[in-house]
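Q: Could you put the whole structure together from the sequences, leaning on the hints where they help?
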Amino acid sequence: MLRLSIPLRQALARLSLPMLIAAAFGVMLLGKADTLLVERARMVLADALMPVWSVVQEPVGAVNNAVREAEALWNIRAENARLREENDRLHRWQATALALESENALLRRQLAWVPDPAPNFFTARVVADGGGTYARAVLLATAVQLPARKGQVALDERGFVGRVTEVGSRSARVLLATDINSRIPITLENSRARAIMVGNNAARPRLQHWPEGQAPREGDRVVTSAEAGAFPSGLPVGVVRWSDSGAPEVELFARLDRLDVVRLFDFGLTGILPPESVARPEPRGRR
Amino acid sequence: MKPPIRGRTEPPAGLLRRIDAILRGAFPSLVTLGLIVLAAVPVGAPGLVMAVCLPSVFFWTIFRPSAMPPPAVFIIGLAQDLLTLAPLGSGVLVLLLVHGVMMRFRSLLVRQSFWLVWLVYAAVAVAGAALAWALTGLLNWQLPPSTPAIHQLGISMGLYPMLAWVLSRAHRAMQNAEA
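Line order of the protein sequences matches chains A and B. Per my numbering, residue 2 is the first one in the first sequence, and the count goes up by one each step. Per my numbering, residue 233 is the first one in the second sequence, and the count goes up by one each step.
The set of hints was computed from the structure by calculation and includes no laboratory data. The structure displayed is predicted, hence computed values, not measured ones. There may be inaccurate statements among the hints.
Claimed, not checked - For the chain A half of the interface with chain B, some residues (derived, Cβ under 10 Å), not all of them: (1) L21; (2) V53; (3) Y135; (4) R150; (5) S170; (6) R174; (7) P212.
Every residue, glycine too, gets a C-beta built ideally from N, C-alpha and C.
A: The following block contains the structure:
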């Protein structure tokens with residue numbers, strides 16, 4: 002230990018708070034000046050903590066599952082009635098879908114249609130909430146050999162979740178569709194009208210910038226649009242709901258409040274990425 | 233040298249004793265860092281990390297300031313900002329200011345009842361949330377919505393009694409060990 006004289010030590014103790022407050026301002030400036038450095042620091046910390054989270058996640062996941070089981074047992078009658086009704090409805094849809102599938106195959110044969118290649122995907126576990134008060138993001142545990150890359154699209158078993166914005170060696174951060182900085186180009190499936198889905202940190206993102214005279218209607222299905230080259234077209238996003246205050250919102254298919262595992266799809270698209278991530282060559286072995 | 237209390241002889245200042253003292257000194261900040269890491273595990277309530285940070289810093293500043301020096305507060309704030317997507321430095325500044333203000337008033341608060349301290353905590357949390365909101369707006373150059381702040385404030389105030397109960401137990405155990 003350093004041996005300092007008592008007055009010197011007292012002076013240092015008195016000075017440390019103002020000095021650190023000044024340092025906090027310095028850190029703020031640094032954070033604004035060098036966003037890449039901050040991003041790297043965030044991912045280094047996330048990588049370092051990933052083993053801890055992976056271990057802690059097990060019991061927490063077990064408790065969550067138990068709670069869900071209990072809820073399911075509690076609601077079993079109502080759930081059963083709902084499922085019966087839904088099953089009847091889906092049976093009718095299945096018949097329609099099979100008829101359409103065969104018709105589609107016939108038409109494709111006649112048009113010499115070149116099908117889209119099946120996209121590559123891998124699954125990753127959600128281990129930590131990476132957002133905070135004013136942001137909605139999750140941290141994924143990605144194994145070293147898995148090709149996590151910025152710009153990959155995350156989907157859960159139901160629909161669109163968000164995009165990979167930061168990648169470390171063992172972890173990746175996904176900015177959720179509900180985040181205030183999230184802007185997703187979408188298509189309204191009925192009218193084929195384009196619009197932008199804007200996150201507002203609430204459960205339902207809002208719709209903006211639809212074409213004149215083609216306002217989104219209640220119940221319209223919302224899918225992603227290939228505009229700007231950030232997403233492939235047609236990924237399921239949600240359903241339009243008009244809020245009480247008279248704004249069109251999207252009820253997402255994905256259950257963002259209970260994400261366990263997400264699929265990361267690589268469509269090889271690099272639209273709307275920050276310039277530094279496109280300009281820099283990626284390290285060998287990724288991609 | 234002060235006379236030993238209740239006839240216990242002071243053990244010699246060996247390596248073990250020094251390690252013991254260092255660990256006891258570092259315990260509050262280490263526990264706070266551990267809490268931050270645990271609070272990030274997703275349980276369906278976003279913003280838990282910040283809701284855990286402020287009570288810990290507040291409590292230890294009042295009741296054991298020697299164990300929560302400004303550098304420790306700085307590191308805790310930095311860890312909080314890096315784990316969440318908050319603008320870097322905003323959490324650091326809020327925690328340091330709370331620490332500074334509480335250091336000034338701790339002599340008044342340290343003997344007060346739990347309820348009064350909780351009330352003061354609520355006021356501090358409101359001020360801290362307002363400052364964090366303003367800093368986020370300033371640094372992102374975009375007006376942040378106020379509902380998440382209020383939501384987080386509620387969690388933070390509700391968590392304080394629970395955390396304070398556990399922390400005061402730990403504090404008392406440490407006092408007993410030192411007596």
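Q: If you check each hint against the structure, which ones fail?
A: Numbers 4, 5 and 7, in rising order.
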